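**Q** These protein sequences, in sequence, are chains A and B. Going left to right, the first sequence walks through residues 28 to 141 as the numbering used here numbers them. Going left to right, the second sequence walks through residues 26 to 137 as the numbering used here numbers them.
Don't read these hints as lab results, they were simulated from the structure. Small disclaimer: the values here were computed from a predicted structure and weren't measured. Please note that the accuracy of each hint is not assured.
Claimed, not checked - Some, not all, of what chain A presents toward chain B, calculated at C-beta under 8 Å:
(1) Y59
(2) G70
(3) L71
(4) L73
(5) F78
(6) R96
(7) F117
(8) N126
(9) Y127
(10) K128
(11) L129
(12) F131
(13) G132
(14) K133
(15) G134
For every residue, glycine included, the Cβ atom is placed at its ideal position computed from N, Cα and C.
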Amino acid sequence: AQSVTQPDIHITVSEGASLELRCNYSYGATPYLFWYVQSPGQGLQLLLKYFSGDTLVQGIKGFEAEFKRSQSSFNLRKPSVHWSDAAEYFCAVGGRGSNYKLTFGKGTLLTVNP
Amino acid sequence: IAGITQAPTSQILAAGRRMTLRCTQDMRHNAMYWYRQDLGLGLRLIHYSNTAGTTGKGEVPDGYSVSRANTDDFPLTLASAVPSQTSVYFCASSDSQGKTQYFGPGTRLLVL
Numbered sequence: 028a029q030s031v032t033q034p035d036i037h038i039t040v041s042e043g044a045s046l047e048l049r050c051n052y053s054y055g056a057t058p059y060l061f062w063y064v065q066s067p068g069q070g071l072q073l074l075l076k077y078f079s080g081d082t083l084v085q086g087i088k089g090f091e092a093e094f095k096r097s098q099s100s101f102n103l104r105k106p107s108v109h110w111s112d113a114a115e116y117f118c119a120v121g122g123r124g125s126n127y128k129l130t131f132g133k134g135t136l137l138t139v140n141p
Numbered sequence: 026i027a028g029i030t031q032a033p034t035s036q037i038l039a040a041g042r043r044m045t046l047r048c049t050q051d052m053r054h055n056a057m058y059w060y061r062q063d064l065g066l067g068l069r070l071i072h073y074s075n076t077a078g079t080t081g082k083g084e085v086p087d088g089y090s091v092s093r094a095n096t097d098d099f100p101l102t103l104a105s106a107v108p109s110q111t112s113v114y115f116c117a118s119s120d121s122q123g124k125t126q127y128f129g130p131g132t133r134l135l136v137l
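With the hints as constraints, model all of the structure from the sequences given.
**A** Written as structure tokens, this is what we have:
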């Protein structure tokens with residue numbers, strides 16, 4: 028069965044600091060990997076996705092993520108966090124083997140201090 | 026283009042009552058999904074539909090039913106609501122490759 032682990036429930040960073048959110052997955056075949064962001068009271072917005080090819084993926088809002096097959100990881104990074112990045116972030120895995128159904132992690136809540 | 030719309034935005038429901046959450050997409054996506062989001066549990070798949078006329082069960086289907094009469098609509102019905110169904114419900118659809126899911130704004134449901 029596929030699964031996603033986001034080890035950090037809550038992370039606090041200062042504005043302007045760098046950010047890395049961790050995501051580890053379990054999937055029996057080639058995974059499709061996603062990061063979504065959810066602002067309070069809102070739906071989920073796609074930040075970036077990985078299907079194949081270059082393992083460093085660029086997304087919206089200055090975010091990037093790196094797929095590391097050997098570590099079963101897909102960590103999200105941003106070099107300089109803005110106050111507007113405060114939100115909850117979800118990692119998800121899916122693929123052909125699951126008929127493209129996604130399994131989500133439990134999320135990481137990001138707080139940004141001024 | 027609206028994308029995915031959900032109705033109602035929020036609802037308070039008495040236990041035992043029947044409720045249908047509506048979801049409509051205008052992107053002509055084949056696949057659609059219903060999730061519930063609960064604090065500390067992330068999003069869990071309730072039901073899905075790969076194409077009009079077909080549906081399937083997700084991780085937490087008990088107490089819920091769906092139908093897919095056409096491409097655009099995917100209603101979720103609670104036949105007899107219980108307090109444990111208090112949650113935020115999200116509808117999603119995926120593009121022609123079946124890979125990327127796009128989400129609606131959600132319905133907040135409180136069952137008393």
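**Q** Each hint needs a verdict: does it hold in this structure or not?
**A** How the hints compare with the structure:
no. : hint : in the structure
1   : Y59  : holds, 6 Å
2   : G70  : holds, 4 Å
3   : L71  : holds, 4 Å
4   : L73  : holds, 7 Å
5   : F78  : holds, 6 Å
6   : R96  : violated, 18 Å
7   : F117 : holds, 6 Å
8   : N126 : holds, 7 Å
9   : Y127 : holds, 4 Å
10  : K128 : holds, 6 Å
11  : L129 : holds, 6 Å
12  : F131 : holds, 4 Å
13  : G132 : holds, 6 Å
14  : K133 : holds, 4 Å
15  : G134 : holds, 5 Å
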